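Trainee: Now for the letters of each chain:
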Amino acid sequence: MSRLKRDDEYQKTGAFRFFRWMKGTKDPYLDEVEMKPGKPYEDPRTLEEIMAEEYELKQRVYSLEHNRIRSVSERFYQVCSVLFSFVFAGIMLYLVANLPIAGTADRPVNNEVAKVYIENGIRDTGAVNVVTGMILNYRAFDTFGETCVLFIATTCVMVLLMKEEEKIRSDKSMNDRLYEPKNDIILQKIAFVLVPIVFIFGIYVILNGHLSPGGGFSGGAMIGSGMILYAAAFGFDKMQKFFNEETYKVVKVGALSTYCVVITYYLYMGANNLDNHIPLGVPGMIFSSGIILWLNIFVGIEVACTMYAFFALFRRGGL
Amino acid sequence: MEFMSNFPCFSLILSMCAAIVSSALSGKWARRLNTAVIAIIGMLSAGTLYLTYVTNQSYVYKMGRFSAPWGNEIRFGNLEAMMALFFSVIMLLSIWGGRKHLLAEIDGFKENLYYVLLDLLMSSLLALVYTNDLFTAYVFVEINTISACGLIMIRENGHTLEAATRYMIMSLIGSGLLLFGLCILYDITGHLLMSNIKEQVTLLVGTGEYHIPLVVAIVFISVGLAIKSALFPFHSWLPDAYGYSTVSSAAILSSLVSKGYIFLLIKVFYRVIGFEVICQSKVINVLFVFGLCGMIFGSLSAIRENDIRRMIAFSSVAQIGYIYMGFGLGTETGMVASIFHILSHAATKSMLFIAAVGLTDVSGQSKKFIDLTGAGYRNIIAGITFTVGSLSMVGVPLFSGFISKILFAQSCVSNENKMLPTLICLAISTILNAIYFMKTVLRIYTPVHTEHKKIKWKYAISYGVVCLLFIGLNILLGMCSEPVVSLIRSGISMFA
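Sequence lines, in order, name chains A and B.
Using the numbering used here, the letters of the first sequence map in sequence onto residues 1 to 319.
Using the numbering used here, the letters of the second sequence map in sequence onto residues 1001 to 1496.
Keep in mind that the hints were calculated from the coordinates and are not lab data.
Predicted model, so just to flag it, every value in this text is computed and none were measured.
From the three backbone atoms N, C-alpha and C, an ideal C-beta is built for every residue, glycine too.
Misleading hints may appear alongside valid ones.
Once the Cα atoms are required to be at most 27 Å apart in a straight line, the calculated BS3-like pairs of lysine-lysine come out as [unchecked claim]: (1) LYS1198(B) x LYS238(A); (2) LYS238(A) x LYS249(A); (3) LYS1110(B) x LYS249(A).
Beta-carbon label-pair distances, calculated as ranges [said to hold, decoys possible]: (4) LEU1476(B) x VAL261(A): 34 to 40 Å; (5) PHE201(A) x TYR1050(B): 52 to 58 Å; (6) ALA232(A) x ILE1370(B): 51 to 57 Å; (7) LEU1476(B) x GLN11(A): 43 to 49 Å.
Let the hints inform the model, and build the full structure from the sequences given.
Mentor: The structure is reproduced here in structure tokens:
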């Protein structure tokens, strides 16, 4: 601070008085004012009381009766959404009226792509079920992506709901079986009969994916629902005797990584026009159609694991 | 040389494989695997870029035994390879810059899940960049959406759960519209492969058949991808998602996830519909207007904000507006400017997020401006990085933001109807940018005498290195823009 005048001279000037008044150290009427920092304000209420009060305040401020602006905007929003829905529905209807007519032979979708799938499907892929041949051989990469969608969906549910195993076991309120009739005898007896049948049917659908309708996705869903039925009837303690987090990890990661290896080999060989040495077999036999059977099994395992993991994570926050 | 054309396929499969294996690993090993895989993908992409640059042609790579309309196919030229390289670099830097926070903010036993999400996000970004098939694109859009949700909500508090729900709803509306658009396109052309659809669309435009479904499909695809990349009126999910999630997630979401969708939109424009058809339709005018609105309103919201992370998030809205404005110009130079802005914004925005977290660390974890006073002296490297990022965003020469702004200004001259609004909005937006970024820079360099905790030395080294790399990348883009721009130009010419 460079000041031309000395301190005692400066204190006589008007500027000094003005700045002193600005700072509030001296009031022209009350003379010297003593500046003391005030005590920090302490709220006597507890946190719960503050939150309850804020909640009540919010309820009053945002209630439709007291807040006119909100009620008007709410009504405006409702009207707009109804209008928008009608406009959107109108656009869609107008669009459908202008699309190619369904069921006619000269639609653009009936082109050489579908023709080749149907005519050469069995020869190229060895699968009698053309759809399976399409998704697991012609467009195998897409289906690998689709399987990864299931994988990441489970991962996301785990991110959201998973808890540590010890925490689940120590927390009694988590154990919802305490509040239910312990052993529902009817459910258990029916599950005892039904679960093996469901499993076997699921396995049948997976293994026949390339011969008849079905495949990994539908068969896997069946096995998964069988596991859910078992867990619901007999409880997670019994379920964990043969399917706990470790088995889940081994089965799922094993299936998916084998899938990954197989698909890498297949894509690499195919793309570079190399022979992939995978025999296609006789169409119609169980062991035919090259990689399709194996991919169906891997997809089935992944889907079954996903179904059961969803159930278990939502039910108790762990596998 | 010929072997190099396998690299894009390898990098796709590698990232998916890493995700699968990571789900069985411990957090530490998942992290190492993730770093290694992304570094390898960066190298593979560099190899691909070298291949396409030297041979100066694009490659079509069939995924499997069967060639295109029957099997899957990926396609890469200069632009795709450059994007993949760039995405992997930004991803790596963002992860390492926010590592300390990641460890502190998520449950220990969920750490490997975070890397699973990141690996799959990388694979989906690569697929969106490389794909030549609309259905493959849709599958990976799904993966991208779900993993982005996971990235937001892995830091479990009320804000992130709400933000993730919001993101999920908006993003699913976008996916739904995209799927509608693809279905319509498939119905009127009978193909899913981009090049075949383009042939058919050219025929249809010539005969005038199915005009209405075509327009509706263009609108649905554009709007769907615009919602997913947070164009102005659809940006309501953005500030919470970027503002409260853990910092690596915020950096990756803002700089990569939205850019992946925008790149897919560019591919749809050039490789599916045809750029001339798009320019004739009125859709780009709508994108242009929304882009301009986004530039202004995003910046205005950012000025009002009192939270540094949310301010940067709102700035993203403005920058996305720039990119869509470039589309809306309907010229090749506008597109080049937009693509350059994708690069420049991705580099700068992740840098700002990483720098901001360094500043909040030394201010008692508070994101309010009042507490950030003088933070630039307390964490010197973060202060410098934030300043560089702000200068780049404002558009000061030497940094990347300047180049994209000058490219936008140059490109709008050729379009006489849109020149004036573009230049005016560019000027206003630049001033608004300067207001909120310079306010922050002044704030962090205002001296104040309060004691704050020092940051630990262990993470300070990796953090500092990441910051320096970000600064280097930004200056590189700003100083050596000519090779990048010519690469973009040649990449676009390879699209056709």
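Trainee: Hint by hint, work out which the structure violates, then give me just those numbers in ascending order.
Mentor: 1 and 7
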